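Undergrad: Residue-level listing of the chains:
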Amino acid sequence: MTLEPQEWAALALSLKVSVWAVLVSLPFAVAMGWLLARRDFPGKAWLSALVHLPLVLPPVVTGYLLLLTFGANGAVGRWLADLGIVFAFRWTGAALAAAIMGFPLMVRAIRLAVEAVDPKLEEAAETLGAGAVARFVLITLPLIAPGILAGAVLGFAKAMGEFGATITFVANIPGQTQTLPSAIYAFLQVPGGETGAIRLAILSVAVALGAVLISEWLARRVARRIGRA
Amino acid sequence: MTLEPQEWAALALSLKVSVWAVLVSLPFAVAMGWLLARRDFPGKAWLSALVHLPLVLPPVVTGYLLLLTFGANGAVGRWLADLGIVFAFRWTGAALAAAIMGFPLMVRAIRLAVEAVDPKLEEAAETLGAGAVARFVLITLPLIAPGILAGAVLGFAKAMGEFGATITFVANIPGQTQTLPSAIYAFLQVPGGETGAIRLAILSVAVALGAVLISEWLARRVARRIGRA
Amino acid sequence: PARAEETVTVFAAASLRGALEAAVEGFPARVVVSYGGSGVLARQVTQGAPADLVFLANAVWMDWLEERGALVPDTRRDLLGNALVLVAPAGAPALDAVTPAALVARLDGGRLAIGNTLGVPAGIYGREWLTTAGLWPELRPHLAETENVRAALALVARGEAPLGVVYASDAEAEPGVRVVHAVDPALHAPIVYPAALVAGRGGPVARALLAHLSEPPAQAAFAAQGFRPLGATP
Amino acid sequence: MSLTVDIRHAFPGVTLDLSVRAGQGVTAIFGPSGAGKSSLVNAIAGLLHADEGRIVLAGETLFDSAARVYVPPAKRRIGYVFQDGRLFPHLSVAANMRFGARFAPEGLDRAEMDRLTDLLGLRALLHRKPGSLSGGEKQRVALARAWLCRPRLLLMDEPLAALDEPRKDEIFPYLERLRDATSVPIIYVSHNLAEVARLADDLIVLQDGRAVLSGRAETVLSDPKALPLVGVREAGAVLQARVVEHDADGLSRLRLSGGDLWLPGVSAAPGATVRLRVLAQDVLLSRDRPSGLSSQNILPVTVEALFRGAGPGVAVKLRAGEDTLLARITARAAGEMQLAPGQDCFAVLNAISIPRGSIGHAAGPASI
Amino acid sequence: MSLTVDIRHAFPGVTLDLSVRAGQGVTAIFGPSGAGKSSLVNAIAGLLHADEGRIVLAGETLFDSAARVYVPPAKRRIGYVFQDGRLFPHLSVAANMRFGARFAPEGLDRAEMDRLTDLLGLRALLHRKPGSLSGGEKQRVALARAWLCRPRLLLMDEPLAALDEPRKDEIFPYLERLRDATSVPIIYVSHNLAEVARLADDLIVLQDGRAVLSGRAETVLSDPKALPLVGVREAGAVLQARVVEHDADGLSRLRLSGGDLWLPGVSAAPGATVRLRVLAQDVLLSRDRPSGLSSQNILPVTVEALFRGAGPGVAVKLRAGEDTLLARITARAAGEMQLAPGQDCFAVLNAISIPRGSIGHAAGPASI
Ligand SMILES: Nc1ncnc2c1ncn2[C@@H]1O[C@H](COP(=O)(O)OP(=O)(O)OP(=O)(O)O)[C@@H](O)[C@H]1O
Ligand SMILES: Nc1ncnc2c1ncn2[C@@H]1O[C@H](COP(=O)(O)OP(=O)(O)OP(=O)(O)O)[C@@H](O)[C@H]1O
Ligand SMILES: [Mg+2]
Ligand SMILES: [Mg+2]
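Chains as they are written, first to last, in our numbering: chain A, 430 to 658; chain Z, 430 to 658; chain E, 2 to 235; chain W, 9 to 376; chain U, 9 to 376.
If you want a taste of the chain W side facing chain U, the calculated C-beta under 8 Å gives, among others: (1) 257; (2) 258; (3) 292; (4) 293; (5) 294; (6) 300; (7) 301; (8) 302; (9) 319; (10) 337; (11) 338; (12) 340; (13) 345.
Keep in mind that the hints were calculated from the coordinates and are not lab data.
Since this is a predicted model, take the numbers as computed values, not measurements.
Glycine included, C-beta positions come from ideal geometry on N, C-alpha and C.
Next up, chain A with everything else stripped away, as it sits in the complex (with noise of 0.2 Å):
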């Protein structure tokens, strides 16, 4: 399987948005995680409804949202790019795409691991002096590890898989925001695309399955590391 070079590129910018897509929410999922595992306050109900509601939406209106919202002219995004910050066109619109769309899977599997922790042993870390952060970051944390590893392959699949939410967002720039799944779509929009939409579909989900067999292998690591197996 011999690949044009601007399908390498699409698998490598692929792989780099969804790899930051992962990386960057996933300290929001953790913090939401745990928010809706762990604390009690009114609306939360609302705020996990919130949360779901990527999954909810068809991806064309998220990446409509986000565009209203992140676009150069959007309320946010007008703020951002005085920071330097521009959405618009670029990879990083896509992988911020992936990321909002990948969220709620992470946020569920995390929080189903922070429900399993038992609150004991923060309790006995909060008397040996271990403020709120250190209590999580040296007790839950590592705690939950398989649960946000489970959540990371989520999201990550989730990102190489994203499309409806991406194209709407940024488009499809070969090189910036052309990812395999809009090369894919790209190639089913002409009669006889088929075969090239096959060959990157097989290149994408050869990824994801190297992701997966990385995270079991990973699982089983962590869950020996913690003394569950």
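Put chains Z, E, W and U with the ligands on the given structure of chain A with help from the hints.
TA: Relative to the frame of chain A, chains Z, E, W and U with the ligands by itself:
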């Protein structure tokens, strides 16, 4: 907010499709989650990767694969048609597409829940005479109820928002296969359709919100029932 | 011969939404339309979709269907035409010249929004125009290709892209943009919207609908949405 | 009904080679941590699939590595009370108790459930969830649960180890009642000799993955050779005594083959046989019959043997009638008293120094 | 350094109203299950936010509901050894031990960590994960962990309750060494009186959410009024004795104000003070000095008072020199011996009947 009859139909169809998608795929998701959490076998990581596939592939590709498989000329579709079962261009196909797209999310939530159940309880049930099926139904299943619930919510939300695979597999026929996301898509295709799209988007958000609120409330009850809170 | 209790199912390109609804006003039978991308519609038709009539946004996919024998022979006709325009956000100044330098200057680091130049019909026509007009080499690095022409229009209307290549019909309906250049139709293949009856499904009612769409009242309805009427019944 | 176990199993680091037999009544398994007690019991239950060997219960082969026989746990009909309870958290106490019955061919015996509920004092708890029960309550429910699946054999792996003394005292009478009310053989794992002495008919001592001593509980516990295995402070004899009469001042006269004792707090009816545990450290010896002491319990005994340990103590095996007693005194005292085998002397047992926990009802089948 | 606690807290069903003071040394908290022991300790640690009251440690107000003061647990610098260990499963033993030090302003004292590792016998375990440790090892690590965060006060909530006897014996000397090596006050929750007697300087008895008895451990334990609270079998006196000499035969002479005792297994050097526990049920009385008995430990005593309980027993408070002893004998024996206040008689203490666990080192600051 008043809705056209066609929009009511889309809402009703989306609900029907999502509920069926979740109900029918849940048993398979539970079985798969259990398998991945509790059994070690060669090829386990590959199976896990396979489960993640619908997440990785662009939905349109998944939709095409479904169409090629279950369409009138597809291998499985022709065979099923002889049995009187047709998916392509039917609401049942929309449910199938939604179920497949939501499957990885449901499996992951359930898998994490199974991993948190102490196998010693299953051992105890075994000494009391419970065979594999009884152990699963009477012990494991009730204890993973929160995870199943979480999986069902994710699956339902995903089904409410699924678009790419659905429109490719069953088209966008008002009153028959036009779900809320398809209707939103149609609105967005013409200038000035935004208000209609937003109206429908709000509707689908409201439904998903309701589902999440109900699930949060159920989760509390279940947690209390199984003695976790 | 159509009666009210009969139903025709049309698989139509998504860009026809609205216009098609207006055009079927007065047709006696019930018309159900499933909108989608032309490629998706064509593939669905070959997989046994319950479509009586297909109405696509370009000829390529109709050719593809024809090759596969999916159409009732001799029912294909080009019902509509369209034109390409170059649009800018509503408040933008007019464009003095359509030269590479002027366009690049107007973009000023921004992007030219256009449908996917390999897959989306508007993008394919646009690419053809840019190529024949000698603009392609300079503009190519400045393109933002979209999933469909509506997304390109939205980018311009939102001010995300300073320029966009869209159909005249779209530009007409969108108050957020102004047309800064009307593309010479001679510089690209004719933009046509072919329709045909689907083999094995399209019956008399569908045939009647196809005829109805070619007639002046329907053609006028399309024209009102910015499409170019083509349809004298052969 | 008899059980024969012959298994070998290699864990990383340790190899178990266990050969034990158990018959009617209660067989206690005693041994230090890591001796293989839980592994033995798990193998009997089928939760541990041993590398090789045979397990036969009442003629039925449950496991035979040579013949490739392995009856799964669910088909063995062996009740198991786990050290950690393992109650099902999502089921009420009543549902936990009924759990096993649905798999028993005879189904649930409601009358039995009712009787057991009262016997174990669970009536008020039936509708509660295990999460809110105290440790002692949990173990009582676990006991009832294992019992109600109508096992052919009951395994108990340190059922009381997680409980403190008051809670142990609270649950112990229930265990005794259960033992007395059934003909189902019981395997009882413990490293508390007071418990063992009170409950067990037979005793098997494990060490380093092997059975090193086994026999009637009285015999093993009165054997000075058992002393290093069971520990200096826990060594002592277990005696069978018959209740003769209850006095108005709260003391009861118990008859041993070597004489009578007066003990408080004996509830068994006159004529019944009870079991007494006399710790070696609670026996004083005197060459002459002491008088004027506050203890009423003085038995004439004959020295059978002296065993000198590593420390300053001496274990003295005594014969009192048909019974064997064990006394532990200082070497200095033994020297001063010129104790030697064959020597007659007197043993002083302070009535109240006989732990309440050591007085058990003798085993015997009855119906609950 | 002193601790004052005055708190009220209403749980659904129970209301706690606790008023306790603790000073230097080990203060034991004793009481039946549900008395409020853990709640008291949790309030001191800050894990339970009481409804109202005040907690002051060494002059610093940790909690004052009136003044709205609530120092969070992480800022209290109070070490806590939990009953269930609560070791961090993902950290090695060494990392668990070092955990608290990173929050102490002085950081980790490596020399101290080293000494403690040896003191608690943890050297070989440092790189293991808690999951593979035995129960006794876990509690030793928990102890080290709490200790190394340099607390101003150490709380221990039944640190040994989950362990069986052999494992208790294994860990106990470490507790004593720790106590002797530090001037940090310790609050020790237990319902095992042998432990309490061995460790505690002061004793507070809780019942139904209130402190019902408190004072020096010796005083409270020798008080016949404590008998119904601590239980018949556990009642007894705690005495201070001075080691006089060690004999070649393994016995040591200990001097009480009322006479000398010979005991085995005393390791303290001559001149040191040790603590002895003499259970009431292990004391025999005789009107005349008995002779020829195997026990070397006979003290002349004077009857101070007799307390008749509900059963067939009588508690006799005895004076032996300056010390108080408690004997529990049958009412019948008391009658036959015509015991009455002021009566002189002799108390026989079987040397070996004094539990090894009751011999402790006397408390006193030293460096580890
Ligand atoms: N799954 C296992 N993997 C490795 N070694 C094991 C395993 N299970 C038991 N062992 C080892 O087998 C030996 C016997 O263990 P077992 O649990 O039967 O002891 P035990 O007598 O029940 O001890 P305890 O009184 O502590 O419960 C121990 O040395 C233990 O470390
Ligand atoms: N979170 C709680 N909710 C309701 N009641 C509680 C709670 N915590 C403690 N209690 C009640 O307060 C009382 C005191 O409990 P606490 O745990 O302090 O007792 P304890 O003396 O430590 O008992 P144990 O010896 O069993 O550990 C008990 O009756 C208990 O049921
Ligand atoms: Mg064990
Ligand atoms: Mg407590």
